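K.L.:
With chain L held as given, fit chain V onto it using these hints.
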Amino acid sequence: MIGPCIGALCRHGHLVAYGFMASTGTLSTLLMFANILLGSRLRGRRGSFYGISALYQKDPRPLREDLPKVFALLAKKEINPMVARTFPLLEARKALELLAAGGVEGKIVLESSGP
Amino acid sequence: MTIDSRVVRAPEGAYSSAAAHDAVAPAEKPATTTFRAVMLTRKGGPKALDALEVVDLPVPEPGPGQVRVRVRATGIGSTDFMVLGGSYRYGPKLPFVPGYEIAGVVDALGTEVHGLRVGQRVAALTVYGGFGEMLVRGAEHFLPIPDGVSDRDAAAVVLNYGTAYQAIHRVAKAKAGQTALARWSRAVSISCSTGLADP
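Chains as they are written, first to last, in my numbering: chain L, 14 to 128; chain V, 272 to 470.
With the rest of the complex left out, here is chain L (with noise of 0.2 Å):
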């Protein structure tokens, strides 16, 4: 689904992907990476993309930027993580299979009664 993205830009638009999910094997990976970097480029768009974990393993630290901003805003209620449901923490995998069978319109959160 990377082309329409890249075709619903202006020129000189900037197409940043995200993670992982959308691809399901090593081929489509490789033309999904192929297309966002390449395929923007021939388009006359630019392609990037951002793993927040690969980031992170690397340097911490733009992570300890930009979480407490994300927090300010949270107190500052200006945004609203939609949290639709939570389990006890111990129920892990029940919350997984919600996760899995879809339908579930925003996060799902354990949350522990422990020690």
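You may find that some hints are simply not true.
[Claimed, not checked] In the DSS-like style, the derived pairs of lysine-lysine whose C-alpha atoms are separated by at most 27 Å in a straight line are:
{"id": "1", "chain 1": "V", "residue 1": "K444", "chain 2": "L", "residue 2": "K71"}
{"id": "2", "chain 1": "L", "residue 1": "K71", "chain 2": "V", "residue 2": "K364"}
{"id": "3", "chain 1": "L", "residue 1": "K89", "chain 2": "V", "residue 2": "K444"}
{"id": "4", "chain 1": "L", "residue 1": "K71", "chain 2": "L", "residue 2": "K82"}
{"id": "5", "chain 1": "L", "residue 1": "K89", "chain 2": "V", "residue 2": "K446"}
{"id": "6", "chain 1": "L", "residue 1": "K107", "chain 2": "V", "residue 2": "K314"}
{"id": "7", "chain 1": "L", "residue 1": "K90", "chain 2": "V", "residue 2": "K444"}
{"id": "8", "chain 1": "V", "residue 1": "K314", "chain 2": "V", "residue 2": "K364"}
{"id": "9", "chain 1": "V", "residue 1": "K446", "chain 2": "L", "residue 2": "K90"}
{"id": "10", "chain 1": "V", "residue 1": "K364", "chain 2": "L", "residue 2": "K82"}
{"id": "11", "chain 1": "V", "residue 1": "K364", "chain 2": "L", "residue 2": "K107"}
{"id": "12", "chain 1": "L", "residue 1": "K82", "chain 2": "V", "residue 2": "K314"}
[As the list claims (entries may be wrong)] Covered by chain L, according to a simulated footprint, are these stretches of chain V (three or more residues, beta-carbon under 8 Å):
{"id": "13", "region": "319 to 326"}
{"id": "14", "region": "337 to 350"}
{"id": "15", "region": "390 to 402"}
{"id": "16", "region": "416 to 428"}
{"id": "17", "region": "441 to 449"}
By construction, these hints were calculated from the structure, which means they are not laboratory data. Here the structure is a predicted model, which is why all the values come from computation and not from measurement. Yeah, the Cβ is synthetic: ideal placement off N, Cα and C, and Gly gets one too.
P.N.:
Positioned in the frame of chain L, the structure of chain V alone reads:
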């Protein structure tokens, strides 16, 4: 030391018999020597959820520069399925406790830890460990949660909002007045992108 690196699976009932022993000689052991966790016990794959088991683990001691946190809330997301599948780049070796993003309370400090105190509420992008009641990680991973922000909300924003914030501000370097299209896969992320683009 991390919880995944020294796993001891206690048989069912071992914990309660230990507690019974404590009742006889309460001075010999601390009140809680184990904690409960949902562990990925074997290689995952499409049926990875079948490999999740509730286990008792020994409470880990924080080493130098490390912090032990009592987990209060853990976010669930699609990334968990990649971790459970066993092929995730940043996942540890089996068996381990998954759980990507947490909010919790500082429980114990190792030596050489500055800027955090016991009882403080903190959040972290743990990548693994969040499905357990406790975890130990380097102090540099924990950020204070401000008053007025619930554990639940804090745990919910680390990965999704952290990703959206960094994608907007660090990668795209979006500026006020620019037009953005967010073709995200989930409603969660749509709310992320609309709320985060302003500041």
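K.L.:
Looking back at the hints listed earlier, which ones does the structure fail to meet?
P.N.:
10 and 12
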